[in-house]
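*Asks:* Here is what each chain is made of, one letter per residue.
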Amino acid sequence: MTSDLRAAVAAGVMASENAHRALLQSTVEVARGIFSAQAATIFLYDDETDELVFEAVSGLGAQALLGNRIPSSTGIAGWVLVTRQPLVLEDVSHDPRWGGQEIAERTGYTPKGLMAVPLINEEDSVGVLQVLDRPQESRFSLAEMELLGLFANQAAIALDLLRKARRAKAVLEDSDAQMGALARLAGEVERLEGSKRQAGLDLIRSLEALLTR
Amino acid sequence: MSSAEHLPAWSLPAGSAESLELPTEWPGRVTREWAWGDSTGKGVKVCILDSGIELGHPMVGEIDGAVAVEVGPGDEIRVVEDAEGDLCGHGTACAGIVRSIAPDCSIFSVRVLGAGFTGSGTALLGGLRWAVEQGFHVINMSLSTTKSQFAGMLHEAADAAYFRRTVLVASAHNMPVESYPWRFSSVISVGSHEEPDPLTYYYNPKPPVEFFARGVDVEVAWLAGGSARSTGNSFATPHMTGICALVLGMHPELTPFQLKSTLYLTASNVDTDD
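Going line by line, the protein sequences match chains A and B.
First residue of the first sequence? That's 1 in the numbering used here, and the numbers climb one at a time after it.
First residue of the second sequence? That's 1 in the numbering used here, and the numbers climb one at a time after it.
Worth flagging that the hints you see were computed from the coordinates, not collected in a lab.
Misleading hints may appear alongside valid ones.
Only some residues are given here: those of chain A computed to face chain B with a beta carbon under 8 Å [said to hold, decoys possible]: (1) Val82; (2) Arg139; (3) Ser206.
Partner residues are not named here, just some residues of chain A that face chain B (Cβ under 10 Å, in silico) [to be verified]: (4) Tyr45; (5) Tyr109; (6) Ala152.
Label-pair distances were calculated between CB atoms; the ranges are [to be verified]: (7) B:Glu133 - A:Arg205: 58 to 64 Å; (8) A:Ala143 - B:Thr200: 15 to 21 Å; (9) B:Glu62 - A:Asn18: 42 to 48 Å; (10) A:Asp47 - B:Glu76: 16 to 22 Å; (11) A:Leu150 - B:Asp217: 19 to 25 Å; (12) A:Arg213 - B:Gln134: 35 to 41 Å; (13) A:Ser26 - B:Asn269: 38 to 44 Å; (14) A:Glu208 - B:Phe163: 27 to 33 Å; (15) B:Ser19 - A:Asn153: 51 to 57 Å; (16) A:Lys112 - B:Asp197: 23 to 29 Å; (17) A:Glu123 - B:Glu62: 37 to 43 Å.
Ideal Cβ placement from N, Cα and C applies to all residues, glycine included.
Work out the full structure, taking the sequences as your base and the hints as a guide.
*Replies:* In structure tokens form, the structure reads like this:
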């Protein structure tokens, strides 16, 4: 029946959302590990609200930050999202308003420095990867900047897949939507038997041929 | 002045080559001493197209003015006086770098950030067009867009700046993505080198990135009168902007083409005797 089919497809979408979340989480864990940093975060750009959302966090204050939202064009993360330029800041002096404020306000942990890189998928700036408080003893190098860029490519793909999985899920959950009707139709044909089933399949194939001609 | 002098120079009639006499006499060899000597950037108007500039920051000093670019619901642009200061810290950092190289240039802030991500490409384009119309000598753009819908319009704005003797200095991307306006040949595009000298810069014979300037571990101005150590092409760019201001302070009549030629001839890997 329809709801079974939809549930099956939804289960696939849900599974892929979980897999993509795990990939994002893995990316922040590895980024944090490679740079020996205190924390790493990935922000997803939400185009419906024009905000950045904490989507994956590793390290200090992780749970307190997940799901929190910040403006999309202010602070360090907003600057990186809008300008598509990566940047590194360290030894930021005595100011609660700097780019770490969004973290400080919610966790009580104020970073002294960060690396931030835009997550770009094709033409779209889909989010920002930040690595907070790497050890200060070593001078930063352009090679590390390139490494951060490589991580950003991977994270951008994961973030884009997650967005697409969520859109697919939203379509399936909205049974009144036009695409939901397609899922219901597929369910109805699945339930038919014999010549009725064959006629239903022929009809759908004819429709497909017509639409893709 | 005859009316003919007001006509655009589409062609050069016979016998009129002397009308093309250049105001600057080029030396046999262009050196940094000739290019900027003891220039402080005085008389040069620099625009920082960024996140705003914090007023009264000790590493920036006085600025000549600040505006913000607002985007209306129909994508219409409004340019208004800006009292917000800096919404990020980056614009203040850029202004501080320019000031450290060209202490007497004038600095003006055009804020194109803060109105949300959705309208940011429109704000960037609107801010650039406005800045070109104002006749700034140098515009620092430590930012870019990946949206191809803006590429054509940004290209036109960059060419308009070039013909009006406004030099655009733009950050190159250090990731393999297409973005603008730094890829246009009418701008001066800048990437980073790792050396500590603010006046060391290299010409890149394999464009699109044309120059490499200091961009690693730079002490910069940050919010609340503070400072930070920073890395990124977006900090290399204001170094080249400051050097452009020095050269234009010494030779205000230079066109963007002549200025870029001067930068080439005085680059650390070209004029190796300096």
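*Asks:* None of the hints should be skipped; say for each whether it holds.
*Replies:* Verification of the supplied hints:
With a least beta-carbon distance of about 4 Å to chain B, the hint placing valine 82 (chain A) at the interface is held under the 8 Å criterion. The interface hint given for arginine 139 (chain A) is met, as the beta carbon of that residue sits about 6 Å from the closest beta carbon of chain B, less than 8 Å. Interface hint at serine 206 (chain A): violated, since its Cβ lies 38 Å from the closest Cβ of chain B, which is beyond the 8 Å cut-off. Taking 10 Å as the C-beta contact cut-off toward chain B, the hint placing tyrosine 45 (chain A) at the interface holds, the least distance being around 6 Å.
A least Cβ separation of about 18 Å between tyrosine 109 (chain A) and chain B goes past the 10 Å threshold, and the interface hint is therefore violated. Checking alanine 152 (chain A) against chain B: minimum C-beta separation of about 7 Å stays under 10 Å; hint holds. Take glutamate 133 (chain B) and arginine 205 (chain A): their Cβ atoms lie about 60 Å apart, and the range 58 to 64 Å holds. At roughly 19 Å, the beta-carbon separation of alanine 143 (chain A) and threonine 200 (chain B) lies within the given 15 to 21 Å, and the hint holds.
Judged by the Cβ atoms, the range 42 to 48 Å given for glutamate 62 (chain B) and asparagine 18 (chain A) is violated: they are separated by roughly 56 Å. Distance hint for aspartate 47 (chain A) and glutamate 76 (chain B): a CB-CB separation of about 21 Å, consistent with the stated range 16 to 22 Å. Taking the beta carbon of each, leucine 150 (chain A) and aspartate 217 (chain B) are about 21 Å apart, inside 19 to 25 Å as hinted. For arginine 213 (chain A) paired with glutamine 134 (chain B), a C-beta distance near 55 Å fails the hint of 35 to 41 Å.
Distance hint for serine 26 (chain A) and asparagine 269 (chain B): a CB-CB separation of about 42 Å, consistent with the stated range 38 to 44 Å. At about 54 Å, the CB distance of glutamate 208 (chain A) to phenylalanine 163 (chain B) disagrees with the hint of 27 to 33 Å. The hinted window of 51 to 57 Å between serine 19 (chain B) and asparagine 153 (chain A) holds, with their beta carbons roughly 54 Å apart. Between lysine 112 (chain A) and aspartate 197 (chain B) the Cβ separation comes to about 26 Å, which falls inside the hinted range of 23 to 29 Å.
Checked against the hint of 37 to 43 Å, the pair glutamate 123 (chain A) and glutamate 62 (chain B) passes, with Cβ atoms roughly 40 Å apart.
This entry does not satisfy hints 3, 5, 9, 12, 14, going by the numbered hints stated previously.
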